[in-house]
Each structure stands twice: as structure tokens, then as C-alpha cells.
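Model the full assembly from the supplied sequences, consistent with the hints where possible.
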Amino acid sequence: MRSTAPARNAPIMMSESRPPDAVPPNRSGDATRRVLALFAKYGTILGLLVMVALFSVMAPAAFATLGNALNVLNQASLGMIIAGGLTVTVIVGELDLSVGFLASFAGVLVVGLIVNTGLPVPLAIAAVIGIGLLHGFINGLIVTKVGVNSVIATLGTGTIVVGLSFAYSSGAPIAFGVPDSFVAISLGRVAGLPHNVLIMAALIFGLWLLVERTSFGQSLQAVGGNRIAARLSGIAVDRTKIIAFMIAGGCAALTGILLASALGSGTTSAADSYLLTAFAAVFLGSATLRDGEFHILGTLFGALIIAIGFNGLAIFGAPTFYQYVLQGAILIVAVGLSSLSRRFADA
Amino acid sequence: MAAAAPFLVVSGLAKRFGGVRALRGVDLDVRAGEVHGLVGANGAGKSTLIRILAGVFAPDGGTITLDGRPVTIATPHQATDLGLGFIHQDLNLVTQLTGIENIMLGVPKPSRLGLIDWKTIRADAAATVARVGIDFSLDAKVATLSTAQRWLVSICRALMRKARLIVMDEPTASLSAHEAGNLFRIVRQLRREGIAILYVSHRLDEILDLCDRVTAFRDGARVMHSERAALTRASLVDAIVGGSLSQASSPPMAVSAQGEPVLTVTALARLPMVRGVDFVLRRGEVLGFAGLVGAGRSEVMRLIYGADRPHRGSMALGGSPFSPRTPRDAVKAGIGLVPEERRSEGLVLNRSVAFNMALPSNRRFTLSPLPLLSGSRRDRWARSTAARVLVKTPSVGTPVQRLSGGNQQKVVIGRWIDRDLKILILDEPSRGVDIGARGEIHRLIRSLAAEGLAVIVVSSEAEELPGLCDRVLVMAEGRIVECLEGAAINRDAIVAASYKHAPQDRASA
Numbered sequence: 001m002r003s004t005a006p007a008r009n010a011p012i013m014m015s016e017s018r019p020p021d022a023v024p025p026n027r028s029g030d031a032t033r034r035v036l037a038l039f040a041k042y043g044t045i046l047g048l049l050v051m052v053a054l055f056s057v058m059a060p061a062a063f064a065t066l067g068n069a070l071n072v073l074n075q076a077s078l079g080m081i082i083a084g085g086l087t088v089t090v091i092v093g094e095l096d097l098s099v100g101f102l103a104s105f106a107g108v109l110v111v112g113l114i115v116n117t118g119l120p121v122p123l124a125i126a127a128v129i130g131i132g133l134l135h136g137f138i139n140g141l142i143v144t145k146v147g148v149n150s151v152i153a154t155l156g157t158g159t160i161v162v163g164l165s166f167a168y169s170s171g172a173p174i175a176f177g178v179p180d181s182f183v184a185i186s187l188g189r190v191a192g193l194p195h196n197v198l199i200m201a202a203l204i205f206g207l208w209l210l211v212e213r214t215s216f217g218q219s220l221q222a223v224g225g226n227r228i229a230a231r232l233s234g235i236a237v238d239r240t241k242i243i244a245f246m247i248a249g250g251c252a253a254l255t256g257i258l259l260a261s262a263l264g265s266g267t268t269s270a271a272d273s274y275l276l277t278a279f280a281a282v283f284l285g286s287a288t289l290r291d292g293e294f295h296i297l298g299t300l301f302g303a304l305i306i307a308i309g310f311n312g313l314a315i316f317g318a319p320t321f322y323q324y325v326l327q328g329a330i331l332i333v334a335v336g337l338s339s340l341s342r343r344f345a346d347a
Numbered sequence: 001m002a003a004a005a006p007f008l009v010v011s012g013l014a015k016r017f018g019g020v021r022a023l024r025g026v027d028l029d030v031r032a033g034e035v036h037g038l039v040g041a042n043g044a045g046k047s048t049l050i051r052i053l054a055g056v057f058a059p060d061g062g063t064i065t066l067d068g069r070p071v072t073i074a075t076p077h078q079a080t081d082l083g084l085g086f087i088h089q090d091l092n093l094v095t096q097l098t099g100i101e102n103i104m105l106g107v108p109k110p111s112r113l114g115l116i117d118w119k120t121i122r123a124d125a126a127a128t129v130a131r132v133g134i135d136f137s138l139d140a141k142v143a144t145l146s147t148a149q150r151w152l153v154s155i156c157r158a159l160m161r162k163a164r165l166i167v168m169d170e171p172t173a174s175l176s177a178h179e180a181g182n183l184f185r186i187v188r189q190l191r192r193e194g195i196a197i198l199y200v201s202h203r204l205d206e207i208l209d210l211c212d213r214v215t216a217f218r219d220g221a222r223v224m225h226s227e228r229a230a231l232t233r234a235s236l237v238d239a240i241v242g243g244s245l246s247q248a249s250s251p252p253m254a255v256s257a258q259g260e261p262v263l264t265v266t267a268l269a270r271l272p273m274v275r276g277v278d279f280v281l282r283r284g285e286v287l288g289f290a291g292l293v294g295a296g297r298s299e300v301m302r303l304i305y306g307a308d309r310p311h312r313g314s315m316a317l318g319g320s321p322f323s324p325r326t327p328r329d330a331v332k333a334g335i336g337l338v339p340e341e342r343r344s345e346g347l348v349l350n351r352s353v354a355f356n357m358a359l360p361s362n363r364r365f366t367l368s369p370l371p372l373l374s375g376s377r378r379d380r381w382a383r384s385t386a387a388r389v390l391v392k393t394p395s396v397g398t399p400v401q402r403l404s405g406g407n408q409q410k411v412v413i414g415r416w417i418d419r420d421l422k423i424l425i426l427d428e429p430s431r432g433v434d435i436g437a438r439g440e441i442h443r444l445i446r447s448l449a450a451e452g453l454a455v456i457v458v459s460s461e462a463e464e465l466p467g468l469c470d471r472v473l474v475m476a477e478g479r480i481v482e483c484l485e486g487a488a489i490n491r492d493a494i495v496a497a498s499y500k501h502a503p504q505d506r507a508s509a
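Just so you know, the protein sequences line up as chains A and B, in that order. First residue of the first sequence? That's 1 in this note's numbering, and the numbers climb one at a time after it. First residue of the second sequence? That's 1 in this note's numbering, and the numbers climb one at a time after it.
Think of the hints as simulated: they come from the structure by calculation, not from any bench. Each residue gets a CB set at the ideal place from its N, CA and C atoms; glycine is no exception. Misleading hints may appear alongside valid ones.
As the list claims (entries may be wrong) - Part of the chain A face toward chain B, derived, beta carbon under 8 Å:
id	residue
1	L209
2	N226
3	A230
4	R231
5	I235
Said to hold, decoys possible - Here are the simulated DSSO-like cross-link-like pairs (lysine-lysine), alpha carbons at most 27 Å apart as the crow flies:
id	chain 1	residue 1	chain 2	residue 2
6	B	K109	B	K119
7	B	K119	B	K162
8	B	K141	A	K145
9	B	K162	B	K109
10	B	K332	A	K145
11	B	K141	B	K162
So this is what it looks like as C-alpha cells:
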């Protein structure tokens with residue numbers, strides 16, 4: 001049979017996947033290839049170790065302490081949550097560029113609902129997470145039912161959300177009258193561990209279970225691996241993708257809420273930069289341990305590398321704008337490593 | 001026609017793919033100003049020859065001469081430079097570009113001040129455009145043109161590149177009678193202008209109508225070449241099929257008793273490929289679908305499997321109306337499909353045997369009440385299923401891309417057995433599969449049928465169906481033209497029926 005539907009163009013960044021009948025690499029240069037393959041697979045881990053060793057030697061008093069380790073982990077948590085959700089959408093072969101904007105909007109909205117509308121904190125949080133899920137649902141509908149490329153669709157919905165965010169807050173941070181109970185969410189600790197770390201750990205564990213250990217997770221991977229084969233096997237491809245977008249939306253909303261809690265205010269565009277962090281983490285993660293496949297634990301790892309890098313910059317007193325340089329560089333290196341490891345998957 | 005010296009001479013051309021000898025030293029010559037017909041059943045070697053001429057494949061042996069000079073055609077670009085034009089069924093047009101842009105694609109264009117000078121191009125092309133009889137705007141995107149109009153654009157493109165030989169592959173497959181008539185008129189005109197045309201078609205009436213000489217291939221060898229005058233429809237069929245039609249057939253391994261109907265298909269149609277199909281599929285039988293490429297077999301399967309929706313007609317599954325909207329509906333109703341393109345449609349190549357086998361069935365391996373998947377339970381099931389369908393693999397954790405074609409095919413089949421399955425559809429089950437695995441797959445199909453499953457096997461290889469099927473339906477031009485049963489199922493009967501006309505055939509042009 002011919003293909004069931006006109007194959008939608010794969011997202012640009014994932015177009016490196018090997019054609020079905022790729023010829024196995026020729027014998028010459030086998031050793032080089034093997035080294036490259038190893039580098040592609042374990043390079044990120046090596047990078048992390050080198051970075052930790054370097055910072056520990058150069059700034060033992062500031063970097064290599066338990067306190068700083070917890071601090072890094074705490075800072076990394078929000079990026080891990082948003083990147084974890086994004087991982088689920090890239091597993092089904094779609095990109096979501098709206099997560100950063102959505103997180104910013106969620107922060108503004110949750111504070112606004114508490115301060116201006118007077119909703120109880122739990123209710124406000126539930127409502128905003130619901131809106132994150134709805135946003136993901138709409139993304140999913142646009143991509144699957146209308147057939148818009150996910151890059152464009154989510155760029156569009158993300159931009160709309162930016163507008164809504166400004167409209168809701170008139171562009172000014174909502175900072176007065178934020179109740180302590182809301183701030184305490186991300187500032188509190190249990191048994192010495194920051195709440196954010198615990199929330200992140202629970203969520204990432206849940207996502208890992210979902211992707212790796214459930215029937216739905218197998219569907220996610222099948223849809224991302226070969227959409228036509230998945231459809232002909234009776235998998236509800238559209239529904240699977242829509243749910244993947246909802247997970248990304250829900251995680252983005254949660255990230256925005258926790259960030260607002262940590263900042264003690266709802267600020268438009270506060271979380272925008274998490275988009276880059278999330279993508280860098282996801283692609284670094286795909287180049288870790290597996291052959292260019294996206295996976296939750298890899299993403300966790302990628303987010304950790306980025307957080308440690310930022311921490312190092314901060315400790316050595318580099319101006320914050322270098323964070324952008326680092327992040328851009330990491331994104332490019334990450335996508336490069338990811339496609340490298342896919343290319344050498346069989347070496 | 002004046003018996004001019006041949007423009008193209010192919011002699012002793014040979015090509016082997018693995019263990020298959022696609023061409024066993026064929027000869028062919030085409031003269032300038034001649035329409036030369038090329039006929040043969042599926043797999044006779046026509047496509048291989050065309051692809052060698054087009055510079056897609058390199059031959060293993062033999063020579064090609066053009067105008068008396070030996071040539072090697074290493075790339076498609078070279079084929080164009082040598083004056084060879086190819087018009088394939090899919091036409092190779094860029095549908096997002098306009099007609100004139102397609103015509104000039106890859107040709108150096110005159111420019112003024114660094115910008116393409118479309119005015120000059122139009123003037124240059126005007127004569128050719130008129131010759132081909134293009135009466136529609138070439139400024140329209142090809143996507144908006146009809147198939148017939150696209151043909152004209154393709155022909156025009158070949159002529160603009162100074163083609164002296166044009167190969168037309170199944171040109172009328174998707175044209176209406178009127179459009180086909182128009183095409184024939186242009187072909188005749190090109191002949192008058194001294195262009196050589198190699199005309200490949202399954203439609204023998206067209207061949208007899210249009211061609212000056214005809215060459216027939218069978219099993220990679222030239223079995224006939226003759227002037228048109230010496231040919232009849234019967235002699236052509238005879239050459240294509242080989243031997244007399246009364247040849248004895250191999251008896252089927254087992255003829256199942258007639259079980260109760262599982263699937264009843266009534267007047268099913270999706271134009272233009274499926275034009276009204278009726279049949280009944282019974283429990284415990286293996287039903288073959290034969291026919292030439294483009295006869296509409298796979299399209300019927302897509303309708304049954306919910307991958308397309310029919311325009312007309314109905315189906316009943318186990319006595320109740322059945323109208324699947326998606327493959328998922330079909331799977332839920334107990335239908336399984338082993339698709340034609342196993343690598344692109346059947347498998348997630350970088351995933352394990354167990355992953356691929358369990359695709360439709362993962363829910364079965366969850367540890368209730370928790371929704372968690374038990375990897376060990378799934379692997380155990382995959383191991384026993386792999387053993388049952390004879391998949392040879394180091395382990396069920398091996399990525400399927402490391403397996404041979406035959407073993408990959410068995411993984412796809414294994415996906416469906418051991419479910420509550422009523423119908424299993426296999427589309428070209430032994431394509432790209434070695435002989436040993438092919439036998440194993442055939443035995444597996446028979447044993448599944450013996451257990452009460454209803455099986456449909458679609459095959460383009462007429463040799464595959466005898467010995468495997470209880471009944472064979474032969475399709476041509478979107479309809480079922482013949483039903484062969486038991487001893488009547490043999491290769492020759494299938495091939496002969498494939499060339500039959502569908503009832504209510506379009507008027508010959």
C-alpha cells in the first residue's frame with residue numbers, strides 16, 4: 001500500500017534521521033568512526049565530568065559544596081520540568097516553541113488570579129495548569145487536524161499567549177499582595193531538600209514511567225519512530241500527539257507557577273528564556289546514552305549540564321549576558337551531537 | 001516508416017539483483033520515427049531496462065549504442081544530454097512550480113541583467129508548446145493541472161531538452177478515454193517528426209493500435225520481437241505468458257472447506273482506481289488478489305482497512321455493516337494488515353523486535369490495576385511469538401533494522417497472530433524476501449487459515465499465488481475480471497486474466 005497520508009515535513013531539527021535504506025558505513029576509517037560514535041554517546045557525560053572537575057579545582061570553596069549542589073539542583077528544577085514536558089512532544093516527532101511564552105503567561109496569570117481575583121492559592125494553581133493543558137490541546141488540534149507544521153503552529157500560539165499576557169497584566173509585574181503561602185511553595189524545604197527539587201523529581205519520575213513503562217509510552221515512541229507504521233498498527237496517532245502537546249503545556253504552566261512563586265511576582269516574559277534551556281536540554285539529552293533518541297532521563301541530564309554551566313559562570317563572576325552565549329552554543333553543540341549519535345548508531 | 005538505421009540499440013544487456021537475474025542479456029532496437037511497444041508481465045524486466053537507460057542502474061553486461069556510438073549512461077543527467085527523455089507514471093514534475101518553470105527545470109536559462117529572461121524563454125518554447133498542443137496556461141502551477149495536462153508538460157519538457165528518444169511508461173494508466181486519445185494523437189505526431197518512442201504499456205489494444213514494432217520480455221529475456229502487422233492480441237498474450245494456456249497447474253497444498261462468510265464486499269468503489277468490486281471472504285480460506293501493477297488491488301485493501309473511505313458500495317463483517325473510518329477501527333474489528341512497504345509502513349526500524357511485535361497489543365502487557373507495562377511479560381510473549389513465526393534473531397531486544405527482509409516480514413506478521421483476529425491481509429508478503437523465508441511465510445499463512453483465520457494475499461507475482469490460495473481474484477482496471485478456484489489457479493491463467501478487459505471497459509480511442 002502507498003503511504004496513508006501525505007507525509008508532513010519532519011521538523012527541521014530532526015531531519016537528520018537516517019533514510020530507511022541507509023547504507024552501513026564503509027569499512028575505511030572504522031576506528032575513527034567508533035571513536036566518534038562513542039563521543040556522540042558518552043560525550044555529554046564526559047563534558048559534565050570535566051566541567052564539574054574544572055569548577056571544583058578552580059573554586060573549591062564556592063562550587064564544590066553541598067549547599068551549592070543543592071542550589072544548582074534547585075535552579076535546574078524549573079528547566080527540568082519544562083524540558084521534561086517538551087521531551088514528550090519531541091518523542092512524537094513534533095516541536096513546541098510555545099512552552100517558554102506559556103510559562104511566562106502562567107506566572108502572570110496565577111499571581112493575578114490570587115492577588116486580583118482573590119482565588120485561593122490551590123484553586124488558582126489548578127486553574128492555570130488547566131489552561132496550560134488547554135493550550136497544549138489547541139496546539140495538538142492545530143497540528144493534527146488542521147495540518148499546520150508544529151514549528152509554525154506553536155510559534156503562532158506562543159505569540160498569541162505573549163499578547164494575552166501583556167493584556168492581562170498591562171505589562172507591569174504583579175508584585176504586591178502576593179501571599180506568603182504562594183511564595184512558600186518554591187522556597188520551602190522538606191528534609192533539607194527544596195520543594196522545587198521534590199516536585200521536579202516526582203514529575204520527572206512520572207514522565208519517565210509514562211514514556212518508558214506504559215502502553216501509551218510505547219504509542220508515543222511508535223508515532224515518533226514511524227507514524228505510518230503506528231497508524232497501520234491501530235494506534236490513534238492524532239490523539240497520541242494531542243496528549244503529548246497537552247503534557248508539554250501542563251509542564252510549562254507548572255514551571256511558570258513555580259517561577260512566579262520563587263520571584264514573588266507575576267512578570268511578563270519572566271520565563272521566556274526557558275524555551276532555549278528546554279530545547280538545549282532535550283537535544284543534549286538525546287545525545288546521551290542512547291543513539292540520538294529523545295528520552296526523559298537524557299533531558300534531565302541535559303538540564304543539569306546547563307544549570308552547572310550557568311552556576312560556574314555565576315561563581316566566576318561572568319556577566320549574565322554570557323549565559324545567552326553559553327546557551328546558544330550549547331544548543332548548537334547539542335543538536336550536532338544528537339545527529340552525530342544518530343548517524344553512528346550502528347557503528 | 002522508412003527503415004531508418006536504429007537510433008537506440010541495446011544488446012546483451014544483463015542486470016542481476018542479489019540472486020535475481022532481472023535481465024538475462026536482452027536485445028532491443030528502436031528507430032527514429034518509430035513507436036516501439038514494450039510488453040511483459042510484472043517483473044519481466046521492463047522497468048529494469050528503463051532504469052538502466054535512464055542512468056539509474058548500471059548494467060552488469062551488454063552494450064548500449066546511440067546513433068551507432070557505444071555509450072555508457074552513468075547518471076540521469078547524462079541520459080538527458082544523450083537525448084533520452086523519460087516520462088514515468090509519476091511524471092517527476094515539481095507541483096509547486098508552474099508549467100513553464102517545470103519545462104525549463106535544470107536547463108540553462110537565458111538571462112538579462114542576471115534575471116531570468118522569461119520573455120525569451122516563452123518565445124523559444126512557443127513552437128514546442130504548439131507542437132504538443134498545449135492549450136492551457138503554462139503559468140498555472142502544475143498542482144492545478146489535470147493528469148493529462150501534466151503529461152503534455154512532461155512531453156514538452158523532454159522535447160525542450162532535445163530528446164530524440166522518449167520512453168513512456170504506462171502513459172494511459174490514469175487517463176480517461178478522451179485524454180488517452182489526445183495523447184495518441186501527439187505520439188503519432190512525434191513519430192512523424194522523427195522522434196523515437198519506446199512505449200511501455202500493459203494495455204495490449206493500445207500497443208496494437210499505436211506501435212510499429214513490438215518487443216516482449218518474459219523473466220528478463222526477450223521472447224518476441226516483431227512488426228506490428230504480424231501480431232494479434234492472442235499472439236501478444238501468448239508471448240507475455242509463455243507456452244499454452246492449458247499448462248497443468250500445481251495443486252494447492254490444501255483446499256479448505258468452504259467456511260461461513262467473514263467479509264462481504266458489495267459494489268465497493270473509490271474512483272479512479274477501484275471501480276466497483278464484489279467478493280466474499282470466508283473463514284479458513286486464503287484468497288489471492290492478482291493483477292497488473294495499478295489494477296487496484298492495494299487500493300481495495302486500503303478501503304477494507306479503513307486507510308481510505310469508499311465513494312460507493314458497502315462492506316459487512318460477520319454479518320453486520322462495516323465501515324471503518326481509520327485503520328484503528330479495522331484493527332479493533334479484528335483485521336490485521338501486513339503492508340506492502342514493510343520498512344516505511346510496517347516497522348519502526350531502530351526499535352526492537354519485541355517493540356515492533358507488540359505495537360497493536362501493548363495494553364495486554366500492563367500489570368493491572370496499575371497501568372504499567374511489564375517488559376518481561378512482553379518479552380516473554382514476543383519470544384514465543386517469534387518462535388512461532390520462525391523469526392531468526394539474536395534476541396527480541398535486537399533492533400529490527402539488523403534483521404533480514406524475511407525476518408522483518410515475519411515480525412510484522414507476528415504482530416497480528418495470537419490476537420482476536422478475523423482477517424489477515426498480506427500485501428506482497430514475499431517482496432524482498434529470500435526463497436527460504438518465502439516458503440516459511442507461505443506455510444505460516446496456510447496454517448493460520450487452517451486455524452480458521454480468513455487470509456487475503458495480494459501479489460504481483462503470478463507464481464506466488466498457485467499453491468498458496470484457495471481462490472484467486474484477478475483485478476484489471478479497478479474491477480474483478482476473473483475468479484479462479486482450485487486446480488484452475490495457475491500462473492498462466494492468472495497472467496492471461498490480468499490482460500482481460502474489465503466489463504464496461506472504456507471505449508478504445
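- Taking the least C-beta to C-beta distance, is N226(A) closer than 8 Å to chain B? Result: holds, 5 Å to nearest chain B Cβ.
- Message: Hint check: K109(B) vs K119(B), CA-CA at most 27 Å. Holds or violated?
- Response: Judged against 27 Å, a Cα distance of about 11 Å means the pair holds.
- Message: Given a cut of 8 Å on the nearest C-beta pair, is the interface hint for L209(A) held or broken against chain B?
- Response: holds (7 Å)
- Between K162(B) and K109(B), does the CA-CA distance stay at or below 27 Å? holds (15 Å)
- Item | Distance restraint between K332(B) and K145(A), which requires alpha-carbon spacing of 27 Å or less | holds (22 Å)
- Query: Does K141(B) pair with K145(A) here, judged by a C-alpha cut-off of 27 Å?
  - Reply: At roughly 26 Å apart (the allowed maximum being 27 Å), K145(A) and K141(B) satisfy the hint.
- Message: Checking one constraint from the list: CA of K141(B) to CA of K162(B), max 27 Å. Satisfied?
- Response: holds (24 Å)
- Item | When the least beta-carbon distance from I235(A) to chain B is tested against 8 Å, hint result | With a minimum Cβ separation of about 7 Å from chain B (threshold 8 Å), the hint on I235(A) holds.
- Task: Closer than 8 Å between Cβ atoms is the bar; does R231(A) clear it against chain B? Give me holds or violated.
- Result: holds (6 Å)
- Message: A closest beta-carbon separation below 8 Å is what the hint needs, so does A230(A) meet it against chain B?
- Response: holds (7 Å)
- Message: K119(B) and K162(B) were given as a pair; does the straight-line alpha-carbon distance stay at or below 27 Å?
- Response: Given that 27 Å is the threshold and the Cα spacing comes to 20 Å, the pair holds.
Taken one by one, the earlier hints all hold for this structure without exception.
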